[in-house]
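Protein chains in written order, with the working numbering: chain A, 3 to 449; chain B, 1050 to 1370.
Worth flagging that the hints you see were computed from the coordinates, not collected in a lab. Quantities reported herein were computed from a predicted structural model and do not represent experimental measurements. Check each hint, because a few of them may be wrong.
[Stated by the list, open to error] With a straight-line Cα cutoff of 27 Å, these simulated DSSO-like cross-link-like pairs (lysine-lysine) come out:
id, chain 1, residue 1, chain 2, residue 2
1, A, Lys203, B, Lys1113
2, B, Lys1180, A, Lys277
3, A, Lys76, A, Lys393
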Amino acid sequence: MAVQSRPRQALAIAGVLALALGATACSGDSESGLDPDSAECAPYSAFQGHDGESVSIYASIRDAEADLLRQSWKQFEDCTGIEIDYDGSGEFEAQLQVQVDGGNPPDLAFIPQPGLLARFAQANKLKPMTAEQKTLADTNYPADWLKYATVGGQLYGTPLGANVKSFVWYSPKAFAEKGYQVPTTWQQMIEISDKIVAENKKPWCVGLESGEATGWPATDWIEDLMLRTQPAEVYDQWTTHGIPFNDPRVSEAVDRVGSIIKNPKYVNGGYGDVKSLTTTPFQEGGLPILQGQCAMHRQANFYANYLPEGTKIGPDGDIYAFYFPAIDPAKGKPVLGGGEFTVAFTDGPAVQAVRQYLMTGEYANSRAKLGNWITPNNKLDVSNVTQAVDKLSMEVLLDKSAVFRFDGSDLMPAAVGSGTLWKGMVDWVNGKDTKSTLDFVEGSWPK
Amino acid sequence: MTTTTPPALTGTQDVATPVTRAARVRRRLNNPFATGASILIAVLWTIPTFGLFVSSFRPEDEIKTTGWWTAFSSPQFTLDNYQEVLFGRSASSGQLAGYFINSLVITIPSVLFPLAFAALAAYALAWINFKGRDWIYIAVFALQIVPLQMALVPLLSFFSEGVSLGGIELMPAWNLDDQEKFVQVWFAHTCFALPVAVFLLHNFISQLPKDLMEAARVDGATHPKIFRSIVLPLIVPALAAFGIFQFLWVWNDLLVALIFAGGSSEVAPLTVRLAELAGTRANEWQRLTSGAFISIVVPLIVFLSLQRFFVRGLLAGGVKG
Chain A
3 MAVQSRPRQA LAIAGVLALA LGATACSGDS ESGLDPDSAE CAPYSAFQGH
53 DGESVSIYAS IRDAEADLLR QSWKQFEDCT GIEIDYDGSG EFEAQLQVQV
103 DGGNPPDLAF IPQPGLLARF AQANKLKPMT AEQKTLADTN YPADWLKYAT
153 VGGQLYGTPL GANVKSFVWY SPKAFAEKGY QVPTTWQQMI EISDKIVAEN
203 KKPWCVGLES GEATGWPATD WIEDLMLRTQ PAEVYDQWTT HGIPFNDPRV
253 SEAVDRVGSI IKNPKYVNGG YGDVKSLTTT PFQEGGLPIL QGQCAMHRQA
303 NFYANYLPEG TKIGPDGDIY AFYFPAIDPA KGKPVLGGGE FTVAFTDGPA
353 VQAVRQYLMT GEYANSRAKL GNWITPNNKL DVSNVTQAVD KLSMEVLLDK
403 SAVFRFDGSD LMPAAVGSGT LWKGMVDWVN GKDTKSTLDF VEGSWPK
Chain B
1050 MTTTTPPALT GTQDVATPVT RAARVRRRLN NPFATGASIL IAVLWTIPTF
1100 GLFVSSFRPE DEIKTTGWWT AFSSPQFTLD NYQEVLFGRS ASSGQLAGYF
1150 INSLVITIPS VLFPLAFAAL AAYALAWINF KGRDWIYIAV FALQIVPLQM
1200 ALVPLLSFFS EGVSLGGIEL MPAWNLDDQE KFVQVWFAHT CFALPVAVFL
1250 LHNFISQLPK DLMEAARVDG ATHPKIFRSI VLPLIVPALA AFGIFQFLWV
1300 WNDLLVALIF AGGSSEVAPL TVRLAELAGT RANEWQRLTS GAFISIVVPL
1350 IVFLSLQRFF VRGLLAGGVK G
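Isolated chain A, as found in the complex (with noise of 0.2 Å):
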């Protein structure tokens, strides 16, 4: 289904359908556009010239976050006529696969699993790059990133909001208290935890709770380890299996995990036991910073929006992050996150304006104006991100010295990524030791 043009027949149903469906149709119409002659059109002049078509959009991201999605693409669609139906859902890997197998595939999808964008591109369902879209990516966002969308050789898509996972939040307020210093060394990190048990408290506070992907932290604990204890090529060769999941250096990376999270001196901050860790939801994860109960709580820069309202966050706030150091420095600044990739299933004119203006600095500044985004996009003015902790994740993603890694379980095979990855790090958690539990992984990875 490309792009079309609405017919505005009303369905000729009788009676009371025929009622209710008028009172769901009434709320779509009100196209009161801007003239596209005018000074504030002036940006969209290139992407003109498609008046009352319509370009669909699927996404994961839903509720609020979309609210700020469709504003911020709001003045692109008054000046160019253009309506983007934007529809997001929590089903949206699945969903995304049954349409594109129904033949019903959305214009444009924002996919955040490269694993995912990847297996969409060799099934031949993506569109590439115009040239003009190719020579715009290659100049608006950094290569560690594109080539998480290139298959092949191929370029499919651009990355759109990102986050950044190396950080370990912190209250300002206690570690001036105490007289502690951010610490920006793997070394210092310890030291501090090690003075907080001397006082007979607990460092730090996990939750991996999250349902039925209980378990998804911890893979964030032992990919940011992973990338720290080795190289990041030896981290690009476990992501795509050209090192055993059981491998010695993996074994290293997920100890190094174990030392902090599975050390009952270290753990639960305000919970308990290492044991509470499985049964502490990880929106609650980093809670007890704001009682006093726990100091470190290692998460990414989202976690903002799980505190309560009214949080002060910021350097001299109630709470703020730090970037998860580096343990051997001279090494650079390894950096763990993920995003979302715009790709595209259909290539009409109309589809091809709105990836481009997707791709646009206009676009990343008028989205990230709207508050609680960053984006890898080095067209965007720093200034134009108000939250603390999304302007520090955008110092780190911007950083030269930063080697940006995605997401690993992100970019693994579903079956072990966002399967017996997290079931392996609850049992590891839980008790089992490092072997047994990499044996297990690495004996569910798909041959």
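Fit chain B to the given chain A structure using the hints.
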């Protein structure tokens, strides 16, 4: 569901047994202990729903920090959750009112279509003699075991690409957009409901006394006339039973709606909206309490007002429940 032997075919002895057995069971259940036990079970079963109900009136902060039972020691009630979920203006907070109407628009035809088709088919299979009748009945019976998940992708491509055989287009793509997608959902629900509906109604209709049909035919009634004036009034309990069954299934359905209607506000039913209500990061789950109650109001009314048909119809209809 137990098998009840059709009275018309059994002897006097058999007719007597179920009555006495039922009477004995009834007598046994009618003592204080059994009454107490059933009340206890009913209460236990209702506690989670009741807790949800209480929660739906509590303020967001309270829901997220304390259990619903604390509402009794420190009562704090609000209608904010309902207000937000029903009439919230931003797309993120509810607007369930609109989805509620979508649910009705999807459900009512999806109940009436299979009822109409199945009643006609069941009558034909039971009382019209034509070649291959038994084979058709067996095929319909067998189709019940095909899980609908298997048909999702083929049906979706049937709508979006049409049907072509060896390069010859037998049916063009439907190309439905926006509100027209309701048609897809009705079509899908009707398809998935028909095998069970035909089977259930066939069992019921075939047990009607043969004398009735013969008498009508002698008086010169045609098949349409027999169906309208004799069969339809007699199968009302079965129709009602299947109607409720189908109504509850369609109203609560998420999968079919998600695939054939999609998530846009123009066609998505309540269930699709409910699944997204907790937010991208699942941290707005206080909305689920009130959302859940709004979504069960209609099924509760339907079930409570028609439940006597439900039990009677299913018992009389046959072995499938």
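*Failing hints, ascending?*
Number 2 only.
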